[in-house]
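Work the whole structure out from these sequences, hints included.
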Amino acid sequence: MSRRIGRILLRAVITLVMVAILNFGLFRVIPGDPASLLLGGARTSVTDEQIEAQRQNWGLDRPLFPDQALDYLSATLQGDLGYSFKFRGRHVADLILERLPATIVLVGLAQFIAILCGVMLGVYAGWRRGGAVDHAATGVSLALYSTPSFWLGMLLVVIFSTALGWLPGYGAYSPGANVGSLDLALDYLRHLALPVTAVALGLIGQYVVVARAAMSDVVTEDYMVTARAKGLTGGQMLMRHAFRNAMLPVVTLITLNLGYVVAGAITVEAVFAWPGIGGLTVEALNARDYPVLQGIFLLLGVSIVMANLIADLAYGLLDPRVRQ
Amino acid sequence: MDDWPFRRRAVVKAMLLGSAVPCVLSSRAFAALSCDGHIVRMGANVSPDTLNPFASYSNWWPLVYTYDFLVCVDAQRHADRRGFAKEWSVADDNVTWTFKIWPGMKWSDGQPATAKDAAFTYNYVRKSIGTPNELNAGWNSTEGMQNVESITALDDDTLQIVTKSPTRWPIDNGVMMVPEHIWKDVSYADARSTFRNDPPLVGTGPLIIQDFQQGQFVRLSPNPHFRTGQPKTAGMVFNFFNTADPIAQGLKSGNLDYGISLTASQWADLSKDSAIEVGQNRIEQRDYLAFNTASGDGAGSTEALQDPAFRDAISYAIDQKAIVERAYQGHADAGAGLVMPAAADYYSDLSNIRRHFDLEEAARRLDSAGYRDVDGDGIREDKEGNKLQLELITGTSSGTLEIPIAVVQLIAGWLGQIGIPVSVTQLDSGALSARTKAPAKGGGGWDLLVAAGWRSPSAHDLLVLGKSADSSNTSYWSNEKFDQLLSEVEITVDLKKSQELVDRAVRLIYAEAPYIILSYPLMLDAHRKDCFEGWGTEISGWSYYPFDRLKSV
Numbered sequence: 002m003s004r005r006i007g008r009i010l011l012r013a014v015i016t017l018v019m020v021a022i023l024n025f026g027l028f029r030v031i032p033g034d035p036a037s038l039l040l041g042g043a044r045t046s047v048t049d050e051q052i053e054a055q056r057q058n059w060g061l062d063r064p065l066f067p068d069q070a071l072d073y074l075s076a077t078l079q080g081d082l083g084y085s086f087k088f089r090g091r092h093v094a095d096l097i098l099e100r101l102p103a104t105i106v107l108v109g110l111a112q113f114i115a116i117l118c119g120v121m122l123g124v125y126a127g128w129r130r131g132g133a134v135d136h137a138a139t140g141v142s143l144a145l146y147s148t149p150s151f152w153l154g155m156l157l158v159v160i161f162s163t164a165l166g167w168l169p170g171y172g173a174y175s176p177g178a179n180v181g182s183l184d185l186a187l188d189y190l191r192h193l194a195l196p197v198t199a200v201a202l203g204l205i206g207q208y209v210v211v212a213r214a215a216m217s218d219v220v221t222e223d224y225m226v227t228a229r230a231k232g233l234t235g236g237q238m239l240m241r242h243a244f245r246n247a248m249l250p251v252v253t254l255i256t257l258n259l260g261y262v263v264a265g266a267i268t269v270e271a272v273f274a275w276p277g278i279g280g281l282t283v284e285a286l287n288a289r290d291y292p293v294l295q296g297i298f299l300l301l302g303v304s305i306v307m308a309n310l311i312a313d314l315a316y317g318l319l320d321p322r323v324r325q
Numbered sequence: 085m086d087d088w089p090f091r092r093r094a095v096v097k098a099m100l101l102g103s104a105v106p107c108v109l110s111s112r113a114f115a116a117l118s119c120d121g122h123i124v125r126m127g128a129n130v131s132p133d134t135l136n137p138f139a140s141y142s143n144w145w146p147l148v149y150t151y152d153f154l155v156c157v158d159a160q161r162h163a164d165r166r167g168f169a170k171e172w173s174v175a176d177d178n179v180t181w182t183f184k185i186w187p188g189m190k191w192s193d194g195q196p197a198t199a200k201d202a203a204f205t206y207n208y209v210r211k212s213i214g215t216p217n218e219l220n221a222g223w224n225s226t227e228g229m230q231n232v233e234s235i236t237a238l239d240d241d242t243l244q245i246v247t248k249s250p251t252r253w254p255i256d257n258g259v260m261m262v263p264e265h266i267w268k269d270v271s272y273a274d275a276r277s278t279f280r281n282d283p284p285l286v287g288t289g290p291l292i293i294q295d296f297q298q299g300q301f302v303r304l305s306p307n308p309h310f311r312t313g314q315p316k317t318a319g320m321v322f323n324f325f326n327t328a329d330p331i332a333q334g335l336k337s338g339n340l341d342y343g344i345s346l347t348a349s350q351w352a353d354l355s356k357d358s359a360i361e362v363g364q365n366r367i368e369q370r371d372y373l374a375f376n377t378a379s380g381d382g383a384g385s386t387e388a389l390q391d392p393a394f395r396d397a398i399s400y401a402i403d404q405k406a407i408v409e410r411a412y413q414g415h416a417d418a419g420a421g422l423v424m425p426a427a428a429d430y431y432s433d434l435s436n437i438r439r440h441f442d443l444e445e446a447a448r449r450l451d452s453a454g455y456r457d458v459d460g461d462g463i464r465e466d467k468e469g470n471k472l473q474l475e476l477i478t479g480t481s482s483g484t485l486e487i488p489i490a491v492v493q494l495i496a497g498w499l500g501q502i503g504i505p506v507s508v509t510q511l512d513s514g515a516l517s518a519r520t521k522a523p524a525k526g527g528g529g530w531d532l533l534v535a536a537g538w539r540s541p542s543a544h545d546l547l548v549l550g551k552s553a554d555s556s557n558t559s560y561w562s563n564e565k566f567d568q569l570l571s572e573v574e575i576t577v578d579l580k581k582s583q584e585l586v587d588r589a590v591r592l593i594y595a596e597a598p599y600i601i602l603s604y605p606l607m608l609d610a611h612r613k614d615c616f617e618g619w620g621t622e623i624s625g626w627s628y629y630p631f632d633r634l635k636s637v
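In order, the protein sequences belong to chains V and R. Quick note, my numbering runs 1 ahead of the 1-based positions in the first sequence. Quick note, my numbering runs 84 ahead of the 1-based positions in the second sequence.
Worth flagging that the hints you see were computed from the coordinates, not collected in a lab. C-beta atoms are modelled at their ideal positions from N, C-alpha and C, and glycine is treated no differently. Check each hint, because a few of them may be wrong.
Said to hold, decoys possible - Computed Cβ-Cβ distance ranges for the label pairs, DEER-style:
1. V:Leu185 with R:Pro308: 21 to 31 Å
2. R:Pro283 with V:Ser304: 28 to 38 Å
3. V:Pro149 with R:Ala163: 28 to 38 Å
4. R:Glu409 with V:Thr16: 29 to 39 Å
5. R:Ala359 with V:Leu190: 58 to 68 Å
6. V:Leu23 with R:Glu409: 23 to 33 Å
7. V:Arg29 with R:Lys581: 17 to 27 Å
8. V:Ser304 with R:Leu592: 34 to 44 Å
9. R:Pro284 with V:Ser304: 53 to 63 Å
10. V:Ile160 with R:Gly462: 48 to 58 Å
Shown next, in the form of structure tokens:
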């Protein structure tokens with residue numbers, strides 16, 4: 002057991018080191034010079050000297066290998082993510098921490114709702130296979146699963162914001178709302194409603210499909226017939242035998258999806274102008290802001306590796322066959 | 085397996101409760117800003133990365149409402165705002181400029197705003213020239229200051245600028261006036277990078293920035309000390325978006341009062357809404373087709389690109405009117421010369437030398453210039469006998485209106501019809517910037533470029549597209565005569581003489597055709613009619629929109 006855990010941990014560490022190395026090269030192969038982009042907008046003339054001075058300022062004039070690469074790796078190992086080009090020397094860690102809560106709230110809440118609704122609906126559909134709910138849930142789930150969440154988002158905006166006027170269609174809160182007041186909290190919830198729904202709807206489809214399939218497999222098992230023969234009620238059979246066994250693939254999916262909580266939902270954030278990590282990624286990419294991009298993708302890599310790690314470990318706890 | 089452990093009634097109750105949530109949330113108790121707040125709600129798609137005018141070009145909106153220029157475009161176009169200077173004059177020597185600052189003017193924090201602040205702002209920038217932290221990374225830049233001899237506050241109301249040679253720079257520059265008492269302790273290193281100029285700002289403009297949430301919004305409130313009276317609204321909020329879709333939806337739902345940078349289809353849709361009024365405004369953007377005229381490093385695939393006769397013939401194969409109608413759906417002026425109609429002081433439609441769309445004429449001219457289809461396969465050969473197959477790169481630079489992809493498709497179609505196949509590569513702004521850099525810096529290698537530029541309506545900026553070795557000159561074209569005219573323009577104060585020089589330069593570059601100006605796109609905007617009135621039509625793309633003068637309905 003301990004050897005297995007050790008192997009999993011070692012694999013996670015190696016993956017993280019690879020992510021950190023790839024992060025450095027990945028964004029630098031994209032054509033485009035951050036100094037030219039920052040200084041040389043379409044409205045200005047910049048001289049080569051100005052661009053060169055900016056490159057020196059950011060250390061981009063030094064050789065990519067080994068100078069810049071080694072600096073990046075050693076700083077990353079020390080937890081220093083560097084300074085942003087686009088945001089004029091602000092700490093990358095500060096920028097990410099500033100945007101992270103909005104993304105965690107958005108995607109985390111959407112995951113929670115999706116897990117709750119999706120698993121319940123999937124289990125019900127699998128428990129009562131062939132019924133009206135099963136047919137409806139399967140059809141709707143497949144449709145939601147295959148629909149891009151940004152498109153769902155646009156649809157929600159058109160219906161609930163533009164046509165009905167119930168909810169705001171963009172931003173995290175109304176400018177000028179009193180900070181710290183109850184009004185602000187309610188205002189935030191109103192702004193959160195549509196983006197959360199857009200992300201959650203896509204995820205619900207995923208959970209329904211997986212939970213239904215798992216439950217369908219379990220209900221045909223011999224031990225379920227035995228349980229019924231022993232005189233257990235439907236509820237007892239579901240909770241004691243079927244549900245726990247069907248949860249294995251669902252738990253795996255949940256754990257893996259949790260890794261994407263910090264990655265945000267870039268397209269949904271764009272549709273709703275949600276001030277999260279997704280928006281920051283787009284801004285940094287457009288400006289070729291290497292330190293910010295490296296920071297975001299490192300965070301993303303760490304969260305996914307950690308989620309996989311938890312999934313691996315949880316699998317061992319849930320399924321004795323894996324432990325053996 | 086039919087027994088389900090949860091009660092149906094509980095599920096129904098939960099569903100009913102859930103369905104009530106939107107109704108509760110949409111009640112007036114939770115309503116966001118509305119007309120009642122008397123705050124103008126704007127939608128824009130360029131988000132500032134800092135409010136420091138020395139460190140960024142992305143903060144034009146909203147800084148232009150908080151800070152004044154000395155003169156610049158505002159004062160010349162909007163007589164009821166003018167600039168930091170109320171009036172100005174130039175001496176007979178054409179190098180000594182005298183500016184009278186508004187008497188008794190105050191900064192928004194109540195401190196006196198005098199000629200000393202203006203002198204401080206200019207000299208602060210000027211003294212950075214040649215230092216490691218030269219201030220050249222934002223609107224308040226050293227550009228043009230090399231020609232300045234001195235900038236002095238003669239008294240609280242009088243500023244004197246003496247230039248080394250005659251130039252219109254003193255009244256054309258876009259340096260934003262900042263208060264000395266705020267900026268005097270900011271080092272150059274901080275001013276050009278890390279100093280964020282966090283709100284509340286201190287300015288002399290009509291609206292003062294009070295709150296800034298990066299990537300989300302900027303909130304401004306009326307300046308109680310504004311020289312011609314406090315604005316009538318309760319303020320303004322700029323909401324920033326990555327795309328125009330939320331702007332259009334926000335207008336329809338009543339969450340926004342004004343939206344800009346709309347697409348033609350959004351504009352058409354909004355025009356059907358009786359609560360919304362749409363507008364289209366001339367701006368200083370020009371969309372163009374550039375030929376890669378470089379030789380040696382960075383040259384295109386054929387030497388034909390360096391031949392004015394080849395470029396002249398191609399010009400006959402471009403139908404600017406069709407481009408406007410089909411690609412821009414009518415929301416543009418047809419392109420002609422370097423100067424766009426929005427630059428009224430210098431505009432000419434070049435009617436007496438203008439080429440007209442005629443594919444047969446284009447083919448004839450190509451034949452006579454030596455670019456024939458010798459082997460009869462439908463593709464012309466260049467003078468070296470190689471088949472002409474051109475690579476066209478395109479993309480939208482940051483800070484410009486998007487170029488419809490149909491523009492490129494039309495051009496490729498017309499060139500194909502005269503025996504010149506074109507392959508199109510669409511790039512993002514970063515990649516486009518890398519490929520259009522000077523050949524010495526690793527750029528070039530393409531044949532045709534469809535791109536856009538948006539500069540000020542000053543004579544220099546109108547001609548800069550053809551200036552040798554300038555980063556804006558993406559065709560790499562170089563012409564001594566043109567450069568000489570541009571140099572003369574730069575040292576000319578008299579508007580009439582400046583107009584003559586610009587006209588000569590525009591005609592020269594038109595004849596040589598390193599660029600074919602395709603269109604001058606219109607800025608599409610829309611505003612709601614239910615909250616505010618006084619939107620006006622005097623909107624200038626380069627400078628500020630006079631929305632501080634709105635009144636509640």
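* Whether the CB-CB distance between Arg29 of chain V and Lys581 of chain R falls inside 17 to 27 Å -> violated (50 Å)
* To do: Starting from the hint 58 to 68 Å, judge whether the C-beta atoms of Ala359 of chain R and Leu190 of chain V obey it.
  => For Ala359 of chain R and Leu190 of chain V the Cβ distance comes to about 28 Å; the hint is violated.
* Asked: Do Pro284 of chain R and Ser304 of chain V keep their Cβ atoms within the hinted range of 53 to 63 Å?
  -> Check failed, 37 Å falls outside 53 to 63 Å.
* Asked: Lying within 29 to 39 Å: is that true of the beta-carbon distance Glu409 of chain R to Thr16 of chain V?
  -> violated (55 Å)
* To do: Using the Cβ atoms, figure out if Leu23 of chain V sits within 23 to 33 Å of Glu409 of chain R.
  => violated (48 Å)
* **Range hint compliance [Cβ, Pro283 of chain R to Ser304 of chain V, 28 to 38 Å]** => Holds, at about 33 Å.
* Verdict for Leu185 of chain V, Pro308 of chain R (Cβ pair) under range 21 to 31 Å -> About 26 Å separates the Cβ atoms of Leu185 of chain V and Pro308 of chain R, which means 21 to 31 Å holds.
* Could you tell me whether the CB distance from Ser304 of chain V to Leu592 of chain R stays inside 34 to 44 Å? => Since Ser304 of chain V and Leu592 of chain R have Cβ atoms about 59 Å apart, the given range 34 to 44 Å is violated.
* Asked: How does the Cβ-Cβ distance of Ile160 of chain V and Gly462 of chain R compare with 48 to 58 Å: does it lie in that range?
  -> The hint (48 to 58 Å, Cβ to Cβ) holds, given that Ile160 of chain V and Gly462 of chain R are roughly 52 Å apart.
* Could you say whether the range 28 to 38 Å given as a hint is met by the Cβ separation of Pro149 of chain V and Ala163 of chain R? => Once the Cβ atoms are compared, 51 Å apart, the range 28 to 38 Å for Ala163 of chain R and Pro149 of chain V is violated.
Checked against the numbered hints above, the structure violates hints 3, 4, 5, 6, 7, 8 and 9; every other hint is satisfied.
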